[in-house]
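Asks: This is what each chain is made of:
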Amino acid sequence: MATRHVELSLRVPTALDVVEEAVDLVARHCVASGVSPRAARVRLRVALCEALANAIVYGNELDPSKRVDVRVRVSGVGVTMDVTDEGGGFDPSVVPDPTTADRLMETDGRGLFLIRQLADEVSHNERGNAICMIMRHH
Amino acid sequence: MATRHVELSLRVPTALDVVEEAVDLVARHCVASGVSPRAARVRLRVALCEALANAIVYGNELDPSKRVDVRVRVSGVGVTMDVTDEGGGFDPSVVPDPTTADRLMETDGRGLFLIRQLADEVSHNERGNAICMIMRHH
Amino acid sequence: MSFTVRKDESSGIVVLGVDGQLIVGNRHELKSKVMDALDAGDTRFIVDFGNTGYIDSSGLGVLVSLAKKVREAGGDLVLAGLNEDLRTLFELTKLDTLFQIRDSIEDAVTAF
Amino acid sequence: MSFTVRKDESSGIVVLGVDGQLIVGNRHELKSKVMDALDAGDTRFIVDFGNTGYIDSSGLGVLVSLAKKVREAGGDLVLAGLNEDLRTLFELTKLDTLFQIRDSIEDAVTAF
Ligand SMILES: Nc1ncnc2c1ncn2[C@@H]1O[C@H](COP(=O)(O)OP(=O)(O)O)[C@@H](O)[C@H]1O
Ligand SMILES: Nc1ncnc2c1ncn2[C@@H]1O[C@H](COP(=O)(O)OP(=O)(O)O)[C@@H](O)[C@H]1O
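Just so you know, the protein sequences line up as chains A, B, C and D, in that order. Position 20 of the first sequence, counting from 1, maps to 19 under numbering that gives the first Met the number 0, and the rest follow consecutively. Position 111 of the second sequence, counting from 1, maps to 110 under numbering that gives the first Met the number 0, and the rest follow consecutively. Position 75 of the third sequence, counting from 1, maps to 74 under numbering that gives the first Met the number 0, and the rest follow consecutively. Position 29 of the fourth sequence, counting from 1, maps to 28 under numbering that gives the first Met the number 0, and the rest follow consecutively.
Worth flagging that the hints you see were computed from the coordinates, not collected in a lab.
Simulated pairs of lysine-lysine, DSBU-like, Cα-Cα distance not exceeding 35 Å:
(1) C:Lys32 - A:Lys65
(2) C:Lys93 - C:Lys32
(3) A:Lys65 - B:Lys65
(4) A:Lys65 - C:Lys30
The shape of chain A in the complex, shown without the other chains (with noise of 0.2 Å):
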């Protein structure tokens, strides 16, 4: 398996019906560039499709003239993703805890929280409007 891979970058309109097709274009290149199948199913696939989601939704706020942009790199180590939206950013350290008893009905709030469950690591930067997430090989 050759150590050097394409680096992948997206440039996603402001749209959620192009999550799927973005979502399945990152998993397809990262199975092809040595990720686990299994990995990619579910778990890269739903981390991914939840940052761009919150990316198109309330970074961008659904404002057509705005892009989000991805970028893919699968190391020898594991995967890092990317995604950067145009929106003025939120403070991650303050969503709640979806599963706690007074919250479980709730039909929001899940999304973050299934990202830090599903990735090994996730950052954002200090604006807050690029999530860093690395899953890494198994």
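Please arrange chains B, C and D with the ligands on chain A, whose structure you already have, making use of the hints.
Replies: Just chains B, C and D with the ligands now, kept in the frame of chain A:
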């Protein structure tokens, strides 16, 4: 079908063994964006494969510290693919016709010719290190 | 990506099949399919994930919202056919405590 | 992506199958397979493109180079199984004038 599409960029290492992976990735993306599978199967794949091989071999001269950038946009009109290497460029106007009787038995020299036959429009930047190929939906 | 609706012959339970993804881009379709059936008087639902790729948090949210409505109508919404990876999503979010989850549709039919 | 080599039972002709692409990244493999067979005394070759995705100019180049060598050895290299899109590549480059191109392997066997 959404009119706004995911725009794809690839950063390809200077290595011939990743050409197929990069070509596949682009072709599958184009089909997902509405390009006819028939056009993607051979026409688009061969044109991109030629441009990548030239960028890797002649442009970057197989120097592994260099990269090739690919940018793909699908619109209602067609697919635009830009392939840019880090080399000094060349003069595309002096590349001879490989179909003349004296050249028919040559083993090389058919790459750019095929690109010009398969794409609807081909242009180069002034330096000659970037090629732009447009394939219209037919 | 599509949703199928059929009635289990012997039990009359509505079986909803999720073919592909249940995510932010299509969850409203599932919602309206269940709401239509509720309007038509159905109260027992099985969601079949046997042909599902992945589910995102919006998809989970729509299931929570539908379970509430169906239970308000005196019925239930039971999940079936989840593979290990999909089941993990329910476990991580503790939604496995909110739903009856059965291996197969046959098992799910007996959950009512 | 791989190349298969077999001998046609009745004729003894070497049939090379191109599964996947014949391009800059793998053309040397095809070349060495034919050279090995030439060294072993074979001179009649069919290249079967029935399972081929695409061929680039390097792939066309290696076919030209092999045809030269095989003909120098008194044999021939016949192409078979090209779909319409692949055949177009030979027509555009006028290489259809250089090779015998047959629809099927059975047809190609009769070309020698
Ligand atoms: N890219 C982003 N830009 C701005 N705010 C965001 C972004 N991502 C998440 N948020 C904020 O974090 C909150 C929690 O997000 P999340 O856990 O994904 O749940 P949900 O999307 O269901 O509300 C959102 O309601 C939003 O306020
Ligand atoms: N990206 C590039 N940078 C520099 N030179 C190039 C580039 N692409 C093509 N060339 C030049 O154009 C010539 C013709 O290329 P091509 O038609 O693809 O045939 P071949 O690759 O078989 O030589 C090459 O031999 C090379 O000198």
